[in-house]
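A.B. asks: Here is how the chains run, residue by residue.
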Amino acid sequence: MDVKKYVIKQISVFSENRPGRLAAIAHALGEENVNILAFSIAEANGFGVVRALVDQPEKAYRKLSAIGFNVAFTDVIAVHMQDRPGGLYEIAKMLGDANINIEYSYAYSGKEGAVLILRVDQVVDAIEKISRSGATLIESSVFH
Amino acid sequence: MRCWDPRIEEMPVAELKELQYKLLKSLVYRLYSFSPFYHNRMKEQNVHPDDIRELSDIRKVPFMFKRDLRDSYPDKIFTATQEDLVRYHVSSGTTGKPTVVGYTQNDLNSWTTSLARALTSIGLGRGDVIQVSYGYGLFTGGLGLHYGAERIGATVLPTSVGNTERQIELMQDLGSTAIACTPSYLLHMGEVAEKIGVSIKKDTKLRAGILGAEPWTEKMRERMEDWLGIKAYDIYGTSELSGPMFTECTEQNGFHIWGDIALTEIIDPKTGEPVAPGERGELTITILQKEALPMIRYRIGDITSMDEDVCPCGRTHPRVQRIQGRVDDMLIIRGINVFPSQVEYALMAIPEVGQHFQIVVDRKGALDDMLVRVELTKDSFSDKITDLMIIRERIEHKLRNALNVNADVELVEPGSLPRYEGKSKKVLDRRSM
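Chain order of the listed sequences is A and B.
Quick note on our numbering: the first sequence kicks off at 499 and runs consecutively.
Quick note on our numbering: the second sequence kicks off at 763 and runs consecutively.
Since the hints were derived computationally from the structure, they do not count as laboratory data.
Hints are not guaranteed to be accurate.
PhoX-like, lysine-lysine: derived pairs with alpha carbons at most 25 Å apart [as the list claims (entries may be wrong)]:
hint	chain 1	residue 1	chain 2	residue 2
1	A	K507	A	K627
2	B	K1187	B	K859
3	A	K561	B	K1146
4	B	K838	A	K561
5	A	K507	B	K963
6	B	K859	A	K507
7	B	K1140	A	K561
8	B	K1160	B	K1187
9	B	K822	B	K859
10	A	K557	B	K859
Between beta-carbon pairs, the in silico distance windows are [said to hold, decoys possible]:
hint	chain 1	residue 1	chain 2	residue 2	range
11	B	K981	A	E601	53 to 63 Å
12	B	L1129	A	K502	24 to 34 Å
13	A	K502	B	H1159	37 to 47 Å
14	A	N543	B	E806	55 to 65 Å
15	B	N802	A	N543	57 to 67 Å
16	B	A1038	A	E601	50 to 60 Å
Partial list, computed: chain A residues near chain B (C-beta under 8 Å) [to be verified]:
hint	residue
17	E514
18	Y604
19	S638
This structure is a prediction, so every number in the text was calculated from the model and none was measured.
For every residue, glycine included, the Cβ atom is placed at its ideal position computed from N, Cα and C.
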């Protein structure tokens, strides 16, 4: 199978943990007409990492770097969940059974149902295992 | 040209000391006779010029401090009349009242000679274009370097501070081979150059930096030399001594303090006694030939050490090592002496952080709390929080080992710490606020 089409480019942005930083990032992306499809904030003492799926990752990267942010691309994958009680359990159990370790994850619930974004250590391995288990992976072309 | 004045610069040590003794003796006589301030000081200490019978008798002469200059504002201890002065400089007064320094023509000549020897010792001369990016005006840096560079026949580009993009453009167009500025300004210039697509290393003729007016470290030197493709030389001086006066030679191992111009002592700041040869202590300088504002055993407050062995470059004049801290910049954190330069040195060994840092000191309850803010470099950013926390812990560990005191570390965004075009203010001590 072509695993590459399931690898999604997430942008990660280093941010100090103080008022206005998320606004600065969001404003910059808005100015560039970049749409944010999903995002999460991870925080540690004093700093955080803003992670986002956007429709134009390269453009977002260039803009944020140009205004001084530390930005990196990270490969993530996205899996369809049933948008009903127990939906997350089914996916989580399947990942556990397939022995896939999740470094971090976040979710959104949109028009086409609920989606779980996953950062795993072995991306290719995870894509193969998830497809075999019967769950539906979302192609990166859906996002960008 | 190897030496500006080989007769003086390579004078045998014994002869140089004899010359220093003669100059010291006449200086003390002159001050005792013509300066009420020094006369009274010496009387108070029960010292007479006849007590100076050999060079080491300088220890009998009373010290001078910065406060002596502040107390005598603006010109109470000058030993020349205004008619004989050809220039004033005024120090910035960051630590109190400003101090005024007056110069006779001979004072300016001696200052310029000192710099002519220094600039020659780093291989500059006729044919070089020296960009002077120190401030021109009341500050001594700009005009001092300007006259020194003209004296050796170099072409001066007097850009002064600021308007960095234009400075980079002129550096390219006029082919500057050397730049004189603060190390933090050169770092800033390097960053601005990269932003506008100019590599100082590849796109300019710059080969030497004459860097001073604020403390910097060997690690910063390595980084600047590697990044900008230059040789970075330390320059030393203060406005009270005339201005920037002494630089390292091409050996890059301490700046030569010309013995016929100044007599150097390193003393224990607590006892005032000389430290053992090579030990660290407070730099104390006597300017042997100064007319308008004589400085005798002036305690500058800089911590360093001195090497009196003849330099491999052939010059016989003592070398003073890079300034390692200020007696009064020293922070006392939970009873431990901490110099900002130690923090800087520790951080430079960590590739994940940039050159800029800020120390913030607070009091939490009865305890001092030290926070060091550092910028994470572009290459070391990881999407994983745990990786970032490991970097932070490594820095905390390094600082604890270097300082013997705990410091918290905060990772901040690149470019977010303040950049200064003059003297860096790297410490924010909020304990007294």
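A.B. asks: Sort out whether K859 (chain B) lies within 25 Å of K1187 (chain B), counting only the CA atoms.
C.D. replies: holds (18 Å)
A.B. asks: Have a go at the Y604 (chain A) hint: is there a Cβ in chain B nearer than 8 Å to its own Cβ?
C.D. replies: violated (13 Å)
A.B. asks: Hint check: K1140 (chain B) vs K561 (chain A), CA-CA at most 25 Å. Holds or violated?
C.D. replies: At roughly 15 Å apart (the allowed maximum being 25 Å), K561 (chain A) and K1140 (chain B) satisfy the hint.
A.B. asks: Return holds or violated for the Cβ distance of A1038 (chain B) and E601 (chain A) against the range 50 to 60 Å.
C.D. replies: holds (57 Å)
A.B. asks: Hinted pair, alpha-carbon criterion (25 Å max): K1160 (chain B), K1187 (chain B). Please report holds or violated.
C.D. replies: holds (22 Å)
A.B. asks: Quick check: does the Cβ-Cβ distance between N543 (chain A) and E806 (chain B) fall within 55 to 65 Å?
C.D. replies: holds (57 Å)
A.B. asks: Is the interface hint for E514 (chain A) satisfied, with its Cβ closer than 8 Å to some Cβ of chain B?
C.D. replies: It holds, given that the least Cβ distance between E514 (chain A) and chain B is near 5 Å, below 8 Å.
A.B. asks: Take the C-alpha atoms of K507 (chain A) and K963 (chain B), compute the straight-line distance between them, and say whether it is at most 25 Å.
C.D. replies: Distance of about 35 Å is beyond 25 Å: violated.
A.B. asks: Mind checking the alpha carbons of K557 (chain A) and K859 (chain B) for me, to see if they're no more than 25 Å apart?
C.D. replies: violated (53 Å)
A.B. asks: K561 (chain A) and K1146 (chain B) were given as a pair; does the straight-line alpha-carbon distance stay at or below 25 Å?
C.D. replies: Since the Cα atoms of K561 (chain A) and K1146 (chain B) sit roughly 22 Å apart, the hinted pair holds (cutoff 25 Å).
A.B. asks: Does S638 (chain A) pass the interface check with chain B, least Cβ-Cβ distance below 8 Å?
C.D. replies: With a minimum Cβ separation of about 17 Å from chain B (threshold 8 Å), the hint on S638 (chain A) is violated.
A.B. asks: So if I understand the rule, the pair passes when the alpha-carbon distance is 25 Å or less; does K859 (chain B) with K507 (chain A) pass?
C.D. replies: Answer violated: K859 (chain B) to K507 (chain A) is near 58 Å, above 25 Å.
In summary, the numbered hints that this structure violates are 4, 5, 6, 9, 10, 11, 12, 18, 19.
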